[in-house]
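**Q** Residue strings, one per chain:
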Amino acid sequence: MNTLGFKHAMAAHCESGTVSSILSHAGLQISEPMVFGISGGIFFGYFESKKFPFPTFVVRNRPGQIRTNLAKRTGAKFAERRFGDPAKGERELNGLLARGVPVACQTDFFYMNYLPNHVRVHINVHFIIVVKRNGDNYIVSDCYSPSLSEIDRDSLMKARFAGGSFAPRGFLFYPKFLPGNIDYEKSIWKGIRSASFMMVKLPMPFLGVKGIRLFAKKVTDWPKLARDTEHLSHEIMKINIFLEDQGTGGAGFRFMYATFLREASELLNDPDLLGMSKRIMEIGDRWREISLFAARIGKRRDLGPDRLRELGSMIAARADEEEIFFRDLLALSKER
Amino acid sequence: MEELKQEIKLLIMEVLGITDVEPDEVGNDDALFAEGNVMGLDSIDALEIVMALQEKYGVRIDDKNQSRFILKSITTISEFISKNRKN
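As they're listed, the protein sequences go chains A and B.
For reference, each letter of the first sequence is one residue, going 1 to 336 in the numbering used here.
For reference, each letter of the second sequence is one residue, going 1 to 87 in the numbering used here.
With the rest of the complex left out, here is chain B (with noise of 0.2 Å):
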């Protein structure tokens, strides 16, 4: 689990091109969206995400609601994906 929770910040910081932040500055169980969050994330970049962890595990997350609660932290994340991948 620990491997899929480093995989998912290097996935993230990819996508959104995160440069200045270095993956143990953010901790598995931070709020991703919340202020004051290292990495400044918000609603676009929640949908890019989205989008991206689909292309990789083949998971999706359609709706918004479902969304707010999965993107919560690392951990909700890497808990969603391992219960759900398809890749």
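Extracted from the complex, chain A is given alone in its bound form (with noise of 0.2 Å):
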């Protein structure tokens, strides 16, 4: 299969891996977790809306903030496009392959036929590399899949104009500039100062550390907001699903930040950053600690008062953990 020389490489997460892939390609070698670093990407966030069916939280930064920042600190530039119209969509599409583009497409998760039934679920923030065309169908290069994957036309037009929230819209991006030379050292460090601020510095209650105390607190009263405990159980086991199974590369996201850190510290011969970079390995050990008995109790409907103080405390833990380690990284970020 000619698939013009793309090196398809897995990742843990479609948006960091679809971007370090892209780039790589055109020229830019760049792993996932400096993607990822560099983007300020690690995050927390929890929150309690009517928009909501159930709380929820999350670990990352917004859907396409990874490129953008990316971008933004380092000087690379990427061509994006929307599509009212699905038939422009294709069209611009195919243009690009023709011309022997791959193009970084958002899709609906479920579409990609050429993964196993049981994790295809609608999310519509799926990130893959459409490679070339192979009659009439496409080649694809998804992270989560250990080589290069096919997909017939239907499937991948289904993918890209699903609707619901987040609709993709046809997304896509590919770069069309590298700069000669990035600044790695001012990009790092502008990275590691965003993404400390966003966790100690927002004044709301529910983002950054503040939210992860939030979310410590508010676990305690879940079992009002659910329907039974088979609901309780239910959204008390989406802790593990948010946690681990998401493309977090683990503990929410909290070992890929903490490999970033090391390759920083590599590239940047600051053993300061090393420092940092076990610090919050041992932070995301104790993370999937939570995963696992939050997936536990909800598995065994085991969701007294006295089993959710004990995650919440847990939780709460974790707040006080990293308040000082984002504390101590931001005062790190002002000293460079």
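Careful: at least some of the hints might be erroneous.
Claimed, not checked - With a straight-line cut-off of 27 Å between C-alpha atoms, the simulated DSS-like cross-links for lysine-lysine are:
#1 A:Lys334 / A:Lys186
#2 A:Lys72 / A:Lys186
#3 A:Lys77 / A:Lys176
#4 A:Lys238 / B:Lys64
#5 A:Lys299 / B:Lys72
#6 A:Lys72 / A:Lys334
#7 A:Lys299 / A:Lys224
#8 A:Lys278 / B:Lys56
#9 B:Lys72 / A:Lys238
#10 B:Lys5 / B:Lys64
#11 A:Lys299 / B:Lys64
#12 A:Lys7 / B:Lys64
#13 A:Lys51 / A:Lys158
#14 B:Lys64 / B:Lys83
#15 A:Lys50 / A:Lys224
#16 A:Lys201 / A:Lys190
#17 A:Lys299 / B:Lys56
#18 A:Lys51 / A:Lys238
#19 B:Lys72 / A:Lys7
#20 A:Lys7 / A:Lys176
#21 B:Lys86 / B:Lys5
#22 A:Lys218 / A:Lys299
#23 A:Lys7 / B:Lys83
#24 B:Lys83 / A:Lys278
#25 A:Lys217 / A:Lys299
#26 A:Lys238 / A:Lys218
#27 A:Lys88 / A:Lys176
#28 A:Lys72 / A:Lys201
#29 A:Lys299 / A:Lys238
#30 A:Lys72 / A:Lys176
#31 A:Lys50 / A:Lys238
#32 A:Lys278 / B:Lys86
#33 B:Lys72 / B:Lys5
#34 B:Lys56 / B:Lys5
#35 A:Lys278 / B:Lys64
#36 A:Lys132 / A:Lys88
As the list claims (entries may be wrong) - Pair by pair, the computed Cβ-Cβ distance ranges are:
#37 A:His118 / B:Lys83: 28 to 34 Å
#38 B:Val15 / A:Glu185: 39 to 45 Å
#39 B:Ala52 / A:His122: 31 to 37 Å
#40 A:Asp320 / B:Gln6: 37 to 43 Å
Hints listed in this document are in silico derivations from the structure and should not be mistaken for laboratory results.
Please read all numbers here as calculations on a predicted model, not as lab measurements.
We put the CB at the ideal spot given by N, CA and C, even for glycine.
Two chains, each in its own frame: build the complex with the hints.
**A** As structure tokens, this is what we get:
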């Protein structure tokens, strides 16, 4: 199969993995954790709103920000387009592929029919790279697949133009300018300063470490919001899914951030960053204990007040640790 | 390697509290998470196994995409441990 020299790589997360792969193909070798870290991807937010059927939380910045922040901080530029008309979106994609340009596309994950059925759910912010056409089909690089895959035209069109929240509207992007020399020192510290600031300095009580603390407090009230034990159990088990299963690289992106800090330490020859990498890796290990605890009590329907208080204290302890960690990291970024 | 495979089987059974299966009933190349596996493992068990392997052998398996392949069978786990063990 001639795939124009495109080198497929698996990655932990679809957005950071796609940005890393498409930049590497274009000539800028940059790892997934480096993309994530420079973009200031690590975050926490706890949300309760009438818009959501149940409280939820996020562990990274908003979809799209990995690409936009990386571009802003490195000087790389991406061509980007959305389409009201699916036919135009298809023509644009085919035109780019005909010119040999691999294209990153936002899709509904459900239609990625080369992946096993049990993993496919409707999520409108899954990113893949369409590498080339193969008759009526397309060769795609999906970082969740071990090798290049093939998808039929109808499935790709449905995936690119699915409705609902975060509807992709055919969104596509590809690099159009790569800087000759990236000032990694500047980009890395900007990413670190921005992520640390977002974690400890935002005034809103539901964002950053304040958000973790709010989550710790509110989780004990979840039984009042759940329809019944079955529903509560499902929501508690989702804590594990959000931290471990949704392409986070483990422990809600904390491990990926640790890898970024380690790589940054090597690149900038800065031993302090290696120390910080070890600290967030250990914090990640303890987030993982929360994942396991939540999954266990959810599975066993062991959801009495004592258990939820225990869960709440574990989460509160992570808030305390991350507050110290990100304050130290912010201070370090100001010294550099 | 055979000794390590046996050790891993025993570790998994101990951590997950599996008492009704004999180690010999688990084939080294059996798909651990396939339907019908004698140990009846699920994704929560996978996380527990990952944490136990980290504690015992000092190996990290952070990412789920990575663990899918490493935890495929006793053989794949033992290959990963032999290459990466710290303890």
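**Q** The structure should be examined with respect to each hint, and the outcome stated for every one.
**A** Hints, verified against the model:
| no. | hint | verdict |
| --- | --- | --- |
| 1 | A:Lys334 / A:Lys186 | holds, 12 Å |
| 2 | A:Lys72 / A:Lys186 | holds, 12 Å |
| 3 | A:Lys77 / A:Lys176 | holds, 6 Å |
| 4 | A:Lys238 / B:Lys64 | holds, 15 Å |
| 5 | A:Lys299 / B:Lys72 | holds, 23 Å |
| 6 | A:Lys72 / A:Lys334 | holds, 20 Å |
| 7 | A:Lys299 / A:Lys224 | holds, 19 Å |
| 8 | A:Lys278 / B:Lys56 | holds, 19 Å |
| 9 | B:Lys72 / A:Lys238 | holds, 24 Å |
| 10 | B:Lys5 / B:Lys64 | holds, 22 Å |
| 11 | A:Lys299 / B:Lys64 | holds, 20 Å |
| 12 | A:Lys7 / B:Lys64 | holds, 21 Å |
| 13 | A:Lys51 / A:Lys158 | holds, 26 Å |
| 14 | B:Lys64 / B:Lys83 | holds, 19 Å |
| 15 | A:Lys50 / A:Lys224 | holds, 15 Å |
| 16 | A:Lys201 / A:Lys190 | holds, 15 Å |
| 17 | A:Lys299 / B:Lys56 | holds, 26 Å |
| 18 | A:Lys51 / A:Lys238 | holds, 18 Å |
| 19 | B:Lys72 / A:Lys7 | holds, 25 Å |
| 20 | A:Lys7 / A:Lys176 | holds, 19 Å |
| 21 | B:Lys86 / B:Lys5 | holds, 17 Å |
| 22 | A:Lys218 / A:Lys299 | holds, 20 Å |
| 23 | A:Lys7 / B:Lys83 | holds, 25 Å |
| 24 | B:Lys83 / A:Lys278 | holds, 22 Å |
| 25 | A:Lys217 / A:Lys299 | holds, 22 Å |
| 26 | A:Lys238 / A:Lys218 | holds, 15 Å |
| 27 | A:Lys88 / A:Lys176 | holds, 20 Å |
| 28 | A:Lys72 / A:Lys201 | holds, 22 Å |
| 29 | A:Lys299 / A:Lys238 | holds, 11 Å |
| 30 | A:Lys72 / A:Lys176 | holds, 14 Å |
| 31 | A:Lys50 / A:Lys238 | holds, 19 Å |
| 32 | A:Lys278 / B:Lys86 | holds, 16 Å |
| 33 | B:Lys72 / B:Lys5 | holds, 13 Å |
| 34 | B:Lys56 / B:Lys5 | holds, 14 Å |
| 35 | A:Lys278 / B:Lys64 | holds, 20 Å |
| 36 | A:Lys132 / A:Lys88 | holds, 18 Å |
| 37 | A:His118 / B:Lys83: 28 to 34 Å | holds, 29 Å |
| 38 | B:Val15 / A:Glu185: 39 to 45 Å | holds, 44 Å |
| 39 | B:Ala52 / A:His122: 31 to 37 Å | holds, 34 Å |
| 40 | A:Asp320 / B:Gln6: 37 to 43 Å | holds, 42 Å |
In this structure, every one of the numbered hints holds.
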